[in-house]
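Position chain A against the provided structure of chain E, taking the given hints into account.
If you read the protein sequences in the order shown, they are chains E and A.
Each residue of the first sequence is one higher than the one before, starting from 9 at the first, in our numbering.
Each residue of the second sequence is one higher than the one before, starting from 9 at the first, in our numbering.
Hints were generated in silico from the structure; no laboratory data involved.
Yeah, the Cβ is synthetic: ideal placement off N, Cα and C, and Gly gets one too.
Check each hint, because a few of them may be wrong.
Claimed, not checked - Which bits of chain A does chain E cover? Going by a derived footprint, with three or more residues having C-beta under 8 Å, they are: (1) 16–26; (2) 39–49; (3) 93–100; (4) 110–118; (5) 121–134; (6) 258–272; (7) 306–317.
Unchecked claim - From chain A, some residues computed to sit far from chain E (all C-beta separations above 12 Å): (8) T11; (9) G74; (10) N142; (11) R161; (12) I182; (13) G185; (14) R191; (15) E210; (16) W211; (17) H216; (18) A238; (19) W246; (20) I250; (21) I255; (22) E300.
Below, each chain spelled out in residue letters.
Protein chains: 2
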Amino acid sequence: MHTEQQLIQRIARSLPCAPGAERVPIGLGDDAAAIALSRGANIVVSCDAFIEGTHFLADGPADSAGYKALVRAASDLAAMGARPEFFLLSLALPNAHTGRWLSGFLHGMGRAARQLKMSVIGGDTTRGRIIAVNVTVLGEAAFGDLVTRSGARPGDGIYVSGRLGGAKLALELIRRGLGNRRRFGRILRPYLYPTIRGQLGEWLGQNHVASAMMDISDGISTDLARLCLASGVGARVWGESIPCVEISPRIAAQMPGLRLNPLKMALHGGDDYELLFTIPPERKDKLRDSPEFSELTQVGEITPGQDVLISDGDGNFRSLKARGWDPFRKG
Amino acid sequence: MHTEQQLIQRIARSLPCAPGAERVPIGLGDDAAAIALSRGANIVVSCDAFIEGTHFLADGPADSAGYKALVRAASDLAAMGARPEFFLLSLALPNAHTGRWLSGFLHGMGRAARQLKMSVIGGDTTRGRIIAVNVTVLGEAAFGDLVTRSGARPGDGIYVSGRLGGAKLALELIRRGLGNRRRFGRILRPYLYPTIRGQLGEWLGQNHVASAMMDISDGISTDLARLCLASGVGARVWGESIPCVEISPRIAAQMPGLRLNPLKMALHGGDDYELLFTIPPERKDKLRDSPEFSELTQVGEITPGQDVLISDGDGNFRSLKARGWDPFRKG
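Excised from the complex, chain E in its bound form:
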């Protein structure tokens, strides 16, 4: 058994990595890579695999697969403070999925592309025994405006956008066969048609407000640990301040016998694509001018050391285990 992190380390050890900060200011290990081109131009690039059986089900809504494949890749650029402009679509398909399924997929992806104002510029199409999608996204950005994972410092506040756990709740509904019910549309949306925080990410980068940033794609317990590792810091998370998904009594009644714990969903549920970022104390006031300010919540602070802790309601801190989504972990 391997974790995704271990695999990435093996790849980094086995392959020639970027030739130096002059040419590749941001390489392996962040949400996206930045290449410094001639004459001071910079391109930011990232790719995201989206695989049948791992990220989506072949018998699920095809337009959701297309929508989400693009949005989640674009989120990696937003999480650097860069605007995603272009994408390449690599698509392996069984013959049985080249008809209606593909039409739905392209319909969903086209909708996402128009919303994000992105254009397809290339790709590859081939046959495969399962559906395997890869989306590569690119955007131009000034290097100085990019926000990496590694800039958090002790004393910085930790913030998240939106509410966490919504995609996980939707997934639980879908797993229980409630995914097709029209009346749950609003609740299913965060999983099927997630939105990303592009405007907020760009603002935080261009105004040099955030010291570190990433998107919460695998659950904050896992992603905050990654940010802390990259920055060489620890964190204290205020458990009671985490903005959790709201579970109405009507929804809870649909899943009797299941203990739905909003905090656990918020901490460990993946697929939220909200932003996780840190702000130095002296820049905290600037945050009021940000887009979507009312949807931002401080959930803790960066500490020296390397422990990532979370408080319970009584003010006691315990270790926050990284229990977010890892494709290589079972269960």
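Okay, now just chain A, sitting in the frame of chain E:
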């Protein structure tokens, strides 16, 4: 049933395409796309899917899979006259392939990367029911030095590098269970560890010698038809001048009962990664200064109209059907 070309057309119709030649001088439909960045810089980018069961076998040599996945993606940039510098590796793997198989794969890919002087700058790693690889390659190039598929004009000579059909011959050996025999190593190499014509491609671009260019990844019968379609021209191919793979009596004896036709292998066999390019008559003399000149062969000429014809030994021309590799065609 769909051909790959039809799928690409559906994608182009369904998704917002590049916003215009000013920002994306080369978009969908060529070997790679070019983005014009600020201050006159250009980036060239392409991606290539490499899927278990379609492009390689999971029980074949893992280091060949890694080597080839990178080389064939890099070939798309060489075929534009651009130098591939960076790549992103997207890798979906079954748990059973995260150990020894992955080590072999990375070993092969690392070897290719060092040979090509390329660096990995990012990627994605996830689980999948089959092995699904996508490699995105990037390089910087002056837009004026890039050679597209669409610049061929009537009267231009048609050239290829190297010999064609070698990968197809190797594949036939492998299919007959002769793929592991040490004494066939040299013959298997074009399929397992193909080389690309990076130096030649760059020279043809930088010296503005070629009017159109692409790599022969799916067989010249299919790829020349694509080049002609993109350029709005036809072609006459001199069948007797095609540089075909040589099949020694020793090899032929290994495959009794099989009629090995070197010309058919050269015309329709895929995976060769040689360059196919056109040269206007007035630039023909410049070609003598090219690297690997002795390995270049003129195989025909571009004509008005849209017919792609091939001559037999008696000087009669018949239609050259595109019978190269199409992942969506059976057989």
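Hints, one by one, checked against the model:
no. : hint    : verdict
1   : 16–26   : holds (count 9)
2   : 39–49   : holds (count 8)
3   : 93–100  : holds (count 6)
4   : 110–118 : holds (count 6)
5   : 121–134 : holds (count 11)
6   : 258–272 : violated (count 0)
7   : 306–317 : violated (count 0)
8   : T11     : violated (10 Å)
9   : G74     : violated (9 Å)
10  : N142    : violated (4 Å)
11  : R161    : holds (25 Å)
12  : I182    : holds (19 Å)
13  : G185    : holds (23 Å)
14  : R191    : holds (30 Å)
15  : E210    : holds (16 Å)
16  : W211    : holds (20 Å)
17  : H216    : holds (20 Å)
18  : A238    : holds (14 Å)
19  : W246    : holds (32 Å)
20  : I250    : holds (26 Å)
21  : I255    : holds (29 Å)
22  : E300    : holds (25 Å)
Hint check: violations occur at hints 6, 7, 8, 9 and 10; the rest are consistent with the structure.
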